[in-house]
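Given only the sequences and the hints, what does the whole structure look like? Please build it.
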Amino acid sequence: MDWTLFAELAVNGALSGLMYSLVAMGIVLIYKSSSVPNLAQGALTMLSAYIVLAIAGALKAPLWLAIPLAMAVMFGIGMGIERVALRRLAGRPIIMILMMTLGLDIFVRAATMTLWGGTARPLPLGISDAPLFLGPLLLNRAYVVGALVALVLFAVFFFFFRTRRGIVLRAIADDYTASWSVGISVERGVALSWAMSSVVATAAGVLWGSIQGVDQSLSQLLLKGIAVAVLGGMDSVGGAILAGILLGVIENTASGFLDPLVGGGSRDLVVAAILVLTILVRPHGLFGREDIERI
Amino acid sequence: MSDAAPSLLSINNVEVIYDHVSLAIKGVSIEVPRGGMVGLLGANGAGKSTLLKSVSGLLKTERGEVTRGEVRFDGRNIDALTPQERVELGIVHVLEGRRVFEHLTPDENLVAASAVRGGRADMLRNRERVYGYFPRLHERRTAQAGYLSGGEQQMLAIGRALMTQPRLLMLDEPSLGLAPFLVAEIFEIIRRINREEQLSVLLVEQNAIAALEVVSHGYLIENGRIVMHDSSEAMKKNPDIQEFYLGGGAARDFHGIKHYRRRKRWLT
Chain U
1350 MDWTLFAELA
1360 VNGALSGLMY
1370 SLVAMGIVLI
1380 YKSSSVPNLA
1390 QGALTMLSAY
1400 IVLAIAGALK
1410 APLWLAIPLA
1420 MAVMFGIGMG
1430 IERVALRRLA
1440 GRPIIMILMM
1450 TLGLDIFVRA
1460 ATMTLWGGTA
1470 RPLPLGISDA
1480 PLFLGPLLLN
1490 RAYVVGALVA
1500 LVLFAVFFFF
1510 FRTRRGIVLR
1520 AIADDYTASW
1530 SVGISVERGV
1540 ALSWAMSSVV
1550 ATAAGVLWGS
1560 IQGVDQSLSQ
1570 LLLKGIAVAV
1580 LGGMDSVGGA
1590 ILAGILLGVI
1600 ENTASGFLDP
1610 LVGGGSRDLV
1620 VAAILVLTIL
1630 VRPHGLFGRE
1640 DIERI
Chain Y
25 MSDAAPSLLS
35 INNVEVIYDH
45 VSLAIKGVSI
55 EVPRGGMVGL
65 LGANGAGKST
75 LLKSVSGLLK
85 TERGEVTRGE
95 VRFDGRNIDA
105 LTPQERVELG
115 IVHVLEGRRV
125 FEHLTPDENL
135 VAASAVRGGR
145 ADMLRNRERV
155 YGYFPRLHER
165 RTAQAGYLSG
175 GEQQMLAIGR
185 ALMTQPRLLM
195 LDEPSLGLAP
205 FLVAEIFEII
215 RRINREEQLS
225 VLLVEQNAIA
235 ALEVVSHGYL
245 IENGRIVMHD
255 SSEAMKKNPD
265 IQEFYLGGGA
275 ARDFHGIKHY
285 RRRKRWLT
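Sequence order for the protein chains is U and Y.
Every position in the first sequence, counted from 1, becomes a number in my numbering once 1349 is added.
Every position in the second sequence, counted from 1, becomes a number in my numbering once 24 is added.
It is possible that part of the hints are untrue.
[Unchecked claim] Covered stretches of chain U (in silico footprint by chain Y; criterion: 3 or more residues with CB under 8 Å from a CB of chain Y, positions within the stretch not fixed): (1) 1507 to 1518; (2) 1528 to 1539.
[As the list claims (entries may be wrong)] Away from chain Y, derived, C-beta distances all over 12 Å, residues of chain U: (3) THR1463; (4) ALA1522; (5) SER1566; (6) THR1602; (7) SER1615.
No wet-lab data here; the hints were simulated from the structure.
Quick reminder that beta carbons are idealized off the backbone N, C-alpha and C, glycines included.
Below is the structure:
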């Protein structure tokens, strides 16, 4: 066995896994603050990348300006989703809300297809293609940047959920009715969680868009995001980070060895297998809250 | 009546319908005086919780609606207000079954409930006040609330409500599933808060024995109607109450049940 190749696959897998964590983090943020599993996170990620391009194109703005502007726009879109699509559903069965997020996913993908078509557009961040050397290992620079962004966001949200506002959001996720009963504005909390998640989606959309171009396939990051979020426990930001690393390593090494045997295309199979196994073996993931049953 | 010296809370002839069809309470009127402690007694399904929700505004989350009558708080009609606005006015509802934020610690439960009031210093002072009333919660302040005992959870639910600095505390079956000595302890604390802070209390209970010990007045609700309203002393002496809610008197036989039905019609 070639240990250098293995290590290189593992390290690059960990880095790209952290970039999956960015997508997963958006899912976790919403779940942790309102117990809604958001199936539209992949579509929002893609939408944000298109919005960055649209702002850069329309205002002739440089990317360093277009990205924060797009984050502001996505913040507003997140708030709008709560207001238009979710407010009436608060307190309704979770299946209806889940279907609504699926509807949002389809809507966003169809809308971007209509507006911007299907051809891939480049989103150059100016990150050099030249690999970074770590001893004998070659690292992908874009992945390194993405991994660092993921870690910074993790630190931000780790502290956020210990602030007063963060605690209120966790309370909402626990019990909507009890939150209303003590005067918490559940609607505003849910809106904030969608807005934050949409901003995180922008970070993920830009980084992934710069790597693989901006087209409909960006929305398929949902699969990786869901797999990482479920493995990490749905409501744990730290879990999303560790699960991202784990999933990235397994995906990259397993497919690195499987692909030559089966002729390629085993990446998604590995991810899907992890998703299914997690749900079967440990439904609350590595670090998720367990439902408390007192007797 | 409510113009001259308005009660803190007056519910006037309120009717509540769920899902546009199911009539849950039928023209109920209740007054809670300022600083008073009033009990609302009745069996399962009599409409007690529904009445509290019509005051706290939580009806709409269950597709219920006040279709007649009005709820006045401090002389003002509050029917159009959101639950949050009602908490800001000073109404707080401790839900049946405790409903603490299970994955948060007691500390965090109290912080979460302080969202409507004041800055950080207020919140901390307020939290110390709550821990003053419930020292046992203070001991377990960093445990996960879902793993507290039933009594501790009930204390936490009440403490959480106190964090909103209410003027009216509405408690829905705080004795549910608790040992009698704990019920006595919790009711005693509620009475103390009522006395020391002039906090008005509306206590909803099936446990009439315990409730009539602490309230000054009681209402009895049956099938969505108020069938009796009197001082707690008089209610304790009432033969119907003794027989059917205090568990005293003769054993339940056919004759008793018929008699009870007749009495109920007469009272209505």
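Quick rundown of the hints versus the structure:
no. : hint         : verdict
1   : 1507 to 1518 : holds (count 3)
2   : 1528 to 1539 : holds (count 7)
3   : THR1463      : 37 Å, holds
4   : ALA1522      : 8 Å, violated
5   : SER1566      : 36 Å, holds
6   : THR1602      : 35 Å, holds
7   : SER1615      : 37 Å, holds
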